Structure formats: structure tokens, C-alpha cells
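Student: So you can see what is in the structure, the chains are spelled out below.
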Amino acid sequence: MRRASIVALNTFREAVRDRVLYNLVFFALLMMAAAIAVGQISIGIEQTVIVSLGLSAISVIGLLISVFIGVALVSKEMDKRTLYALLAKPVRRWEFLLGKFAGLVLTLVVNTAAMALGLLLVMIYVKHSVERSDAAVLVAVYFILLKLALVVALALLFSCFTTPLLAILFTVGLYIVGLYVQELRNLPVEVLSPAMAAFTKWLSYLLPNFENFNVMAMAAHGRAVPGTLILQNTLYTAAYCAIVLTAAAAVFSRKNLK
Amino acid sequence: MADLAIEIENLTKEYPFGFLHLKKKTSLEGLHMQVETGEVFGFIGPNGAGKSTTIKLLMGLIFPTAGSARILGKPISDVEMHREIGYLPEQPYFYDYLTAAEVLDYFARFHDLTAADRKERVKRMLKKVGLETAHKIQLRKYSKGMLQRVGLAQAILHDPRVVILDEPMSGLDPVGRREVRDIILELKKDGKTVMFSTHILSDAEMLCDRVGVIVGGKLRGVGAPGTLVDMKTQGMEILFELAGLSNAPLVSKATRTGDRYRLQVPEGELYAAIEQLRGAGARLLSVSQVKATLEEFFMDLVQADRAQASAVEVSGK
Numbered sequence: 001m002r003r004a005s006i007v008a009l010n011t012f013r014e015a016v017r018d019r020v021l022y023n024l025v026f027f028a029l030l031m032m033a034a035a036i037a038v039g040q041i042s043i044g045i046e047q048t049v050i051v052s053l054g055l056s057a058i059s060v061i062g063l064l065i066s067v068f069i070g071v072a073l074v075s076k077e078m079d080k081r082t083l084y085a086l087l088a089k090p091v092r093r094w095e096f097l098l099g100k101f102a103g104l105v106l107t108l109v110v111n112t113a114a115m116a117l118g119l120l121l122v123m124i125y126v127k128h129s130v131e132r133s134d135a136a137v138l139v140a141v142y143f144i145l146l147k148l149a150l151v152v153a154l155a156l157l158f159s160c161f162t163t164p165l166l167a168i169l170f171t172v173g174l175y176i177v178g179l180y181v182q183e184l185r186n187l188p189v190e191v192l193s194p195a196m197a198a199f200t201k202w203l204s205y206l207l208p209n210f211e212n213f214n215v216m217a218m219a220a221h222g223r224a225v226p227g228t229l230i231l232q233n234t235l236y237t238a239a240y241c242a243i244v245l246t247a248a249a250a251v252f253s254r255k256n257l258k
Numbered sequence: 259m260a261d262l263a264i265e266i267e268n269l270t271k272e273y274p275f276g277f278l279h280l281k282k283k284t285s286l287e288g289l290h291m292q293v294e295t296g297e298v299f300g301f302i303g304p305n306g307a308g309k310s311t312t313i314k315l316l317m318g319l320i321f322p323t324a325g326s327a328r329i330l331g332k333p334i335s336d337v338e339m340h341r342e343i344g345y346l347p348e349q350p351y352f353y354d355y356l357t358a359a360e361v362l363d364y365f366a367r368f369h370d371l372t373a374a375d376r377k378e379r380v381k382r383m384l385k386k387v388g389l390e391t392a393h394k395i396q397l398r399k400y401s402k403g404m405l406q407r408v409g410l411a412q413a414i415l416h417d418p419r420v421v422i423l424d425e426p427m428s429g430l431d432p433v434g435r436r437e438v439r440d441i442i443l444e445l446k447k448d449g450k451t452v453m454f455s456t457h458i459l460s461d462a463e464m465l466c467d468r469v470g471v472i473v474g475g476k477l478r479g480v481g482a483p484g485t486l487v488d489m490k491t492q493g494m495e496i497l498f499e500l501a502g503l504s505n506a507p508l509v510s511k512a513t514r515t516g517d518r519y520r521l522q523v524p525e526g527e528l529y530a531a532i533e534q535l536r537g538a539g540a541r542l543l544s545v546s547q548v549k550a551t552l553e554e555f556f557m558d559l560v561q562a563d564r565a566q567a568s569a570v571e572v573s574g575k
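The listed protein sequences correspond, in order, to chains P and X. In this text, residue positions in the first sequence follow the numbering used here: the first is 1, and each later residue adds one. In this text, residue positions in the second sequence follow the numbering used here: the first is 259, and each later residue adds one.
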């Protein structure tokens, strides 16, 4: 674990030095523009608009970072051969992989926390107060982070056995499918053959369920998010990430470098 | 029997290729080789001979199709073995957002060194490879030669017992090459085992206790540079000057460059040849022995391998 943490901290340093966190400037400008616009055009629904816009921006920016940097985490090190000198040190391949994952998740935590703080400041600016119900926004941000961790794990897995371009396509494809898992599970059984019904049900449990992470509407309307959902999503993400990362480690441990 | 630092047994590496990966290309075929503790071992061969493949197999970067290898008695799959090994990859590249000092400190962390120890070692290594003035510059601004120096520094930073260097002289200017040679000799003086690959034969002849010659994925010979080739004198070369023309038969056999002539004669005929040349009015400049070099041995093998490959190709048609 100590070796993985060395890799993680270096991955975070890489993100900072490669100016990944510059996206925060874009987010800040977006929020400032939104705060000014909302004050002029929407009466009574300022919070809904600001929260929806802010959470959407946090999610989209986070997803872009997760997919593109997640896929490059390992493939870039293999392409540039920076991995050669590192793997000659007493470090196992799975430790390297875990470190890269943790490093990008740490980057996302810092990035998302900064954006969440920006969102809260804009909410205070618009409403001139902070209420207990605003905690739902923080829960929504936490769920976005869980979702991003899962996306990073998937991007890492795909990048271990295919080209970066295909890994991006697979990750984005799986994310989109994961948004509609509930629909897949609730397909009308009567229109399907028993075998097909069993298959779609089985598939719906196998695919990552990204739908459960979306509590944007609740947060926008100040409704509390149930504690059980928080616990369920946390455990789900931990278990799914563990499985995906184990699969990635299994593939990567047998991989011949160029 | 001397202690063995590296033992390689029947190491083979095949790469699948083609649309369904059904065809196979053999990069290394049944390599048997041993490197003794404390020696400098040169691994020589032309580009694509299998030198880097062997080294990558030893470092666990690729996996063998067959065979096994041990370093310091431990199998190459044992990651902990890497505590005792230093490795310089071919054309090394490091995180370009880091400075030389940062990248060395990063690698040193994997060796459980204390912060004070890391700082002292990084400073010492940067001085050793001549980068002490450039240590605060990000590696993206480094030249190829400077990266090579960083690579060498990270390979010996943790004081390893075995140092494996893949083309350590590549990309270096004459001063840099001299410095690398000095570092290799220093490592040998400290009792370290050094194995390095090169296609620059003079480096191997100058530095190595033994060399292994690999061509076409097969080991063609292992031994001290002097014993690999027939070191018996192959003749004598006479260099002389002669103004004007001469009818002496030996002069007509000599190779002429301006007023200077170069003539090769068997050792037993040297004095008779000198007498004849003096009689013809020649002025002797030098007499030297002609020996086969490692380079000739190496070139013979390469040519034989190419001839064999083209014969296979022709018969295949």
C-alpha cells in the first residue's frame, strides 16, 4: 500500500503540473455568469436553476477528466516508456495500477471539492442564506464523486487491454448504458422470451448502475437524500471498483510491455 | 565455480503477429547464459538481435515463452529481487513534468530510504552524472544525452549489487561516453556486477571481462573479448614511403595512398620483405601486427546470419 501511495501522489502531482485543475477557472466563470443571469431572469426558482446547472457542470467536467485522463493513466506510461524504469523498482504491477487509480481519484476529489465550494458560494450569493436542506447538494456532489471513481476504474480496465481510442469509446458507451440500467431491468417481460428476459435481468445487474447516483432533482428542490441510499451507493461503488480493479490488475500483470 | 549473479536457462521469447495472432516471430531462442558476480559483461549484437528482449525479460517487463532466469539466486518473477538491481532502459524517458532531482527522489522512495538519505544520494548521483547544475529544470527541457544521464543515475541510486544497462552509451557525446565508461569501471571496482548491451564494439572490448555475442535471437559465443576471436597474428603490416616508381614485386602488391604504401605480408616473410623494400628505395614508417578484432568476428556472424535468412527466404519461394 505504501508503494501504491507513492505512485498516487506522483499521479496527483502530474495532474497539477499538467494544468488539469485549470478547468476550475472555466467552472468559476460559468458559475459567475449563471449567478448574474439567474438574478435577472428567474424569479423564485434561483436555487433550482443554480443547483441544477452547478451539479451538471461538476458532473460533466468530472466525467471528461475521468474518461480522458483515466484512459491515459496507464497507456501514456506504456507509450512513453516511463513505466520501464518504474517497474524495475520493487513495485508490483497491481500496486502501480492501484496507485494510478488513487492518484486520479485524489485529483477528482480536490477538483470536485473546489467546484462544490464555488457552487455553495454562488448559492449563498443568490439566496443570501444557508439552509439545512442545502446538505442535499453536498450529498449530490458526493454521489458524483462515487460515479467518477467508478468511471476511472472502468477507463483503467479498458486501457489495459485495448487502444486508448477504443478504451474511451468503451468507457463512454458503458457509462451511457449504465444510465438506463433501471429501464433494462424493467423491460416488460411479456414481450420477451423467457431466456431473453433472464438475460436482460442478468445483464442489468452486471452493468454498472449509474442511475442510482443521480439525485440532482432532489438536491435542486432541497429534498433530503435518504441515508440508506448514501450507504448503498458507497458500498456499491467500493465493491464494483474492487472487482473492476482486480480484473484490470489481472490483465495488466500478464501484459508484455512494448 | 564462481558465484553467479545472473543465470539464464533456455530463455525463449516469441511474439505472435498477423490478424489472428496465429503467426509467431522468435525474438530470442533458447538462450543459455551466465554472468558471474563482480564481472563486467558485455552483451553485443546488431539492432534487433535480441539484446533488449533479453534485458526486458530479466527485468520482468515482458514474459518468456519458455525458459527461466535467476538474478542473485532469485527467480525474475520475484519483485523483491529488484531491491538489488539497477536498470537503465534503452532510450530512457521519464516523467517530463518532474525535475531530475524530483524523479530521482521519486524512484528512491520505492527503496525505503529515509528523507535525509534520499536527499544526500540524489545530490551525490546528480554530481556523479554531471547534472548538478541542471537539477532544477523539468525533464521536458532535457536533451537525449541528459536523459541518458538521469537514467544512469536512477539505475545506481540505491547502490544495487547488479546493474543492467541497455545501450548505456547511446545518445551520449564523447565526453559523456567516457564518463559512463568511468562509472562502469567504478562499479566494477566496488564489486558490483555490470551487464550492459551495446553495438559499439570498442566499448565492449575496452570494458568487459567477458562478452556474449547475440545475432538473430541466438547466442553465438561467450568469452573474454580476446578469446572469442582467433587472436593469433594474422600477418604483419608494413607502412612505407616511396617517391617515384619501382619495379619491385612487393611494391606492386601494396595499397597506395599518395606516396604512402601499405603492405601485408606473412610473419615469416617480414625481414625478406623489408630488405626488398629497402633495396627499392622505400623509407619504412611502421611495422605492426594484424589481428582479427571482435568487430570482424561480429561482422562474420551477422553476414552468416543474413546469408542463412536469405537462403531460407529463397527456398521458401
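You may find that some hints are simply not true.
Said to hold, decoys possible - 35 Å max Cα-Cα, derived DSBU-like pairs, lysine-lysine:
{"#": "1", "chain 1": "P", "residue 1": "Lys-80", "chain 2": "X", "residue 2": "Lys-394"}
{"#": "2", "chain 1": "P", "residue 1": "Lys-80", "chain 2": "X", "residue 2": "Lys-511"}
{"#": "3", "chain 1": "P", "residue 1": "Lys-255", "chain 2": "X", "residue 2": "Lys-511"}
{"#": "4", "chain 1": "X", "residue 1": "Lys-447", "chain 2": "X", "residue 2": "Lys-281"}
As the list claims (entries may be wrong) - Derived CB-CB ranges, DEER-like:
{"#": "5", "chain 1": "X", "residue 1": "Arg-439", "chain 2": "P", "residue 2": "Arg-17", "range": "45 to 55 Å"}
{"#": "6", "chain 1": "P", "residue 1": "Leu-165", "chain 2": "X", "residue 2": "Arg-398", "range": "23 to 33 Å"}
{"#": "7", "chain 1": "X", "residue 1": "Ser-326", "chain 2": "P", "residue 2": "Leu-169", "range": "31 to 41 Å"}
{"#": "8", "chain 1": "P", "residue 1": "Ala-239", "chain 2": "X", "residue 2": "Asp-448", "range": "48 to 58 Å"}
{"#": "9", "chain 1": "X", "residue 1": "Glu-265", "chain 2": "P", "residue 2": "Leu-166", "range": "32 to 42 Å"}
{"#": "10", "chain 1": "X", "residue 1": "Arg-382", "chain 2": "P", "residue 2": "Tyr-205", "range": "38 to 48 Å"}
{"#": "11", "chain 1": "P", "residue 1": "Arg-17", "chain 2": "X", "residue 2": "Pro-274", "range": "34 to 44 Å"}
{"#": "12", "chain 1": "X", "residue 1": "Gly-484", "chain 2": "P", "residue 2": "Leu-165", "range": "29 to 39 Å"}
{"#": "13", "chain 1": "X", "residue 1": "Arg-398", "chain 2": "P", "residue 2": "Val-130", "range": "42 to 52 Å"}
{"#": "14", "chain 1": "X", "residue 1": "Glu-272", "chain 2": "P", "residue 2": "Ala-195", "range": "40 to 50 Å"}
{"#": "15", "chain 1": "X", "residue 1": "Ser-335", "chain 2": "P", "residue 2": "Leu-235", "range": "32 to 42 Å"}
{"#": "16", "chain 1": "X", "residue 1": "Pro-333", "chain 2": "P", "residue 2": "Val-251", "range": "50 to 60 Å"}
{"#": "17", "chain 1": "X", "residue 1": "Ser-335", "chain 2": "P", "residue 2": "Ala-239", "range": "47 to 57 Å"}
{"#": "18", "chain 1": "X", "residue 1": "His-290", "chain 2": "P", "residue 2": "Ala-247", "range": "49 to 59 Å"}
Rather than coming from a laboratory, the hints here were simulated on the basis of the structure. Predicted model only: the values in this text are computed from it and were never measured. Glycine included, every Cβ here is placed at the ideal spot set by N, Cα and C.
Student: Hint by hint, note whether the structure agrees.
Tutor: Verification of the supplied hints:
Taking the CA atoms of Lys-80 (chain P) and Lys-394 (chain X), the gap is near 22 Å; set against the 35 Å cutoff, the hint holds. Our distance criterion of 35 Å between C-alpha atoms is broken by Lys-80 (chain P) and Lys-511 (chain X), whose separation comes to about 56 Å. Restraint check: the Cα-Cα separation between Lys-255 (chain P) and Lys-511 (chain X) comes to about 61 Å, which exceeds 35 Å; the hinted pair is violated. Taken as a hint, the Lys-447 (chain X) and Lys-281 (chain X) pair is broken in the structure, with Cα atoms around 47 Å apart against an allowance of 35 Å.
Evaluation of the 45 to 55 Å hint for Arg-439 (chain X) and Arg-17 (chain P) yields a failure: the beta carbon distance comes to about 35 Å. Between Leu-165 (chain P) and Arg-398 (chain X), the C-beta spacing of about 25 Å keeps the proposed range 23 to 33 Å intact. Between Ser-326 (chain X) and Leu-169 (chain P) the C-beta distance comes to about 40 Å, which sits within the given range of 31 to 41 Å. In this structure, Ala-239 (chain P) and Asp-448 (chain X) meet the distance hint of 48 to 58 Å, their C-beta atoms being roughly 51 Å apart.
At roughly 41 Å, the beta carbons of Glu-265 (chain X) and Leu-166 (chain P) sit within the given window of 32 to 42 Å. In this structure the supplied range 38 to 48 Å is violated for Arg-382 (chain X) paired with Tyr-205 (chain P), their Cβ-Cβ distance being about 57 Å. For the hinted restraint 34 to 44 Å between Arg-17 (chain P) and Pro-274 (chain X), the CB-CB distance of approximately 38 Å keeps it satisfied. The hinted window of 29 to 39 Å between Gly-484 (chain X) and Leu-165 (chain P) is violated, with their beta carbons roughly 54 Å apart.
Between Arg-398 (chain X) and Val-130 (chain P) the Cβ separation comes to about 45 Å, which falls inside the hinted range of 42 to 52 Å. Taking the beta carbon of each, Glu-272 (chain X) and Ala-195 (chain P) are about 42 Å apart, inside 40 to 50 Å as hinted. In this structure the hint that Ser-335 (chain X) and Leu-235 (chain P) lie 32 to 42 Å apart at CB holds, the actual value being about 35 Å. At roughly 22 Å, the beta carbons of Pro-333 (chain X) and Val-251 (chain P) sit outside the given window of 50 to 60 Å.
Checked against the hint of 47 to 57 Å, the C-beta distance between Ser-335 (chain X) and Ala-239 (chain P) comes to roughly 30 Å, which is inconsistent with it. At about 37 Å, the beta-carbon gap between His-290 (chain X) and Ala-247 (chain P) misses the expected band of 49 to 59 Å.
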